[in-house]
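S.K.: Now for the letters of each chain:
Protein chains: 2
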Amino acid sequence: MIKIVVDAYGGDNSPLVNYEGTLKALQNLPEVEIVLVGNQEEIENFFADKQYDKSRLTILHAPDAITCHDKPTEAIKTKKESSLYKAFELMRNDPTARALVSIGSTGAVLAGAVLRVGRIKGVKRPAFCPILPTVQNGLVSICDSGANVDCDPIYLQQFAIMGSLYMQKAYGVENPRVALLNIGAEEEKGNQLAKDTYQLLKQTNNINFVGNMEGREVLDGNVDVVVCDGFDGNVLLKSTEGACLNMLKLVKRAFMANLVSKMGALLLKKEVMKLKSLMDYNNYGGAVLLGANKTIVKGHGSSKSEAVYQCIKQAYTMEQNNLCEAIRQAMTEQN
Amino acid sequence: MIKIVVDAYGGDNSPLVNYEGTLKALQNLPEVEIVLVGNQEEIENFFADKQYDKSRLTILHAPDAITCHDKPTEAIKTKKESSLYKAFELMRNDPTARALVSIGSTGAVLAGAVLRVGRIKGVKRPAFCPILPTVQNGLVSICDSGANVDCDPIYLQQFAIMGSLYMQKAYGVENPRVALLNIGAEEEKGNQLAKDTYQLLKQTNNINFVGNMEGREVLDGNVDVVVCDGFDGNVLLKSTEGACLNMLKLVKRAFMANLVSKMGALLLKKEVMKLKSLMDYNNYGGAVLLGANKTIVKGHGSSKSEAVYQCIKQAYTMEQNNLCEAIRQAMTEQN
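In the order they appear, the protein sequences are chains A and B.
In this text, residue positions in the first sequence follow the working numbering: the first is 337, and each later residue adds one.
In this text, residue positions in the second sequence follow the working numbering: the first is 337, and each later residue adds one.
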């Protein structure tokens with residue numbers, strides 16, 4: 337049995353999507369035990385008429401919530417009645433609580449993880465790693481995407497090792513291809529950080545380092561892990577997302593331009609829906625904080641019930657395959 | 337009369353597209369005088385039966401070319417019979433040669449500019465600035481996109497000033513909105529470079545600083561100049577381009593999926609063509625090296641004739657509006 341703590345608040349569609357995601361997890365993942373942290377009465381009302389294994393759901397009462405208006409690091413210290421605060425308290429005090437799932441404030445989740453859960457011994461900096469779908473219907477993980485904006489090469493080397501283990505344990509990718517985000521393919525390219533990191537990755541035994549990768553290649557599907565500092569990873573992630581959304585906007589504009597185009601759009605509806613679902617993060621779980629002592633999954637703020645379920649399933653798979661333990665081992669071997 | 341030096345070689349479709357682009361410029365821009373640097377006999381053969389003002393075209397013979405297989409910085413020093421080498425020699429020795437247009441090796445153009453043309457007094461580092469079309473049918477310039485991968489805040493402050501003048505002089509944008517590329521909107525966000533630069537830009541009088549901008553906003557059309565170091569600018573540019581191309585690929589895949597979708601695609605052809613042309617850099621001139629002593633325009637390697645013409649027109653406009661002079665003044669005021 338794997339105990340997963342689920343934060344009922346935070347996110348645009350909370351708490352309902354967290355209730356529904358939890359319900360689906362209880363119905364579909366027999367090995368999962370869930371502690372749902374939120375308003376007890378509200379949660380009881382929701383689950384009252386639902387079919388599920390009651391022995392695997394516990395409610396931890398938390399009347400308050402951390403919102404996007406709160407200062408994350410401050411809120412996680414002071415809002416002691418908030419669901420996320422209580423969730424992290426449980427993560428710290430209950431050895432059987434193995435994973436946390438939240439679609440709330442990223443800043444608060446990262447701060448809470450560092451303050452309450454802590455780092456795996458040997459990890460210099462935990463990396464916040466989202467995943468993107470590729471045009472080859474695969475996934476690529478970006479390590480780091482914002483937790484560490486000023487990095488040393490050794491941090492990036494650890495991101496590479498942790499990201500590689502992540503793609504193996506969470507998504508069953510064998511021998512993940514690890515690339516360094518850079519401005520050209522050649523070894524001598526890039527800023528000082530990239531040059532130094534390249535040399536370090538070349539000497540790293542337990543990863544499949546495939547060299548430099550340019551920003552334009554991230555969705556091509558030829559790489560499983562992109563290594564970069566949190567600033568560049570954030571630029572890579574957001575500019576890629578932004579460009580995709582803007583392109584969809586332009587395509588939609590083209591579809592709606594006139595009667596003829598609207599007729600064309602009608603005939604294309606089915607295929608365009610497929611395309612949209614390929615781009616939909618709701619199908620791919622959340623971002624993880626690699627290097628934390630316990631599994632932390634942060635779902636997208638606008639997650640729907642299915643996305644919350646995917647996050648819980650992702651946390652379950654990571655724990656089932658002992659990712660944290662694998663990282664712990666890799667770090668001892670490294671030092 | 338404005339004398340512009342055009343490199344006949346480099347690029348995927350050279351030299352023909354450079355001949356045709358030059359011809360169109362001579363036919364459409366009566367104030368432009370062109371020195372075309374390439375194989376004399378070949379050029380003479382091309383222009384033999386064309387209608388244009390012969391008094392405004394000079395041929396500078398250069399039998400050799402710098403190719404993508406050459407090491408840029410090495411080639412620009414040693415390949416003395418190459419068109420780009422000779423073009424830069426002319427730029428250095430002829431005071432009336434005011435601008436250079438090339439679709440050849442970016443590395444060689446940047447190296448040649450630094451070695452032969454030099455920097456405007458007071459400019460710490462020239463910035464290599466491409467432009468992207470926005471969804472509002474405007475343009476946004478990225479300063480820097482790769483010339484300077486390790487930067488001090490003062491460099492970025494100068495990029496902001498030069499980029500702002502560029503959008504005014506080359507594209508007639510009044511009071512250009514200058515944003516700092518960052519990982520969040522708040523002033524305290526970002527790495528050390530971003531934080532320090534933010535404070536500097538706030539105090540810079542002669543620009544319209546609108547604060548931080550995230551990677552996802554670059555195509556939104558709410559900003560005219562994006563300020564960043566060359567590494568981040570390169571990631572921003574390439575990941576945006578890559579995502580757009582991959583989306584077009586997916587849309588095309590959806591269109592071709594089956595008979596019904598193909599019929600739909602047929603009805604949408606006209607609108608999708610419009611969309612494609614909006615994304616087509618051939619309509620937007622090239623990237624410029626801001627801070628160099630003379631106007632340098634680097635067209636896309638796969639430029640067609642129209643793109644080469646647009647680059648020449650762009651160089652003409654920049655010279656007509658005395659961009660270099662404006663930057664020179666701004667730098668003296670700053671120091």
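In case anyone wonders, no lab produced these hints; they're calculated from the structure.
Some hints here could point you the wrong way.
Identical chains share a label here; the pair holds if one copy fits it or two copies do between them.
Straight-line Cα separation of at most 25 Å, BS3-like style, residue types lysine-lysine; simulated pairs [unchecked claim]:
id: 1; residue 1: Lys460; residue 2: Lys505
id: 2; residue 1: Lys585; residue 2: Lys531
id: 3; residue 1: Lys585; residue 2: Lys610
id: 4; residue 1: Lys538; residue 2: Lys407
id: 5; residue 1: Lys505; residue 2: Lys339
id: 6; residue 1: Lys460; residue 2: Lys531
id: 7; residue 1: Lys339; residue 2: Lys457
id: 8; residue 1: Lys339; residue 2: Lys649
id: 9; residue 1: Lys640; residue 2: Lys531
id: 10; residue 1: Lys415; residue 2: Lys525
id: 11; residue 1: Lys605; residue 2: Lys390
id: 12; residue 1: Lys390; residue 2: Lys606
id: 13; residue 1: Lys416; residue 2: Lys360
id: 14; residue 1: Lys505; residue 2: Lys390
Please read these numbers as outputs of a predicted model, since none were measured by experiment.
S.K.: Which hint numbers does the structure go against, in order from smallest to largest?
M.R.: Result: hints 2, 9, 11, 12, 13 and 14 break, sorted rising.
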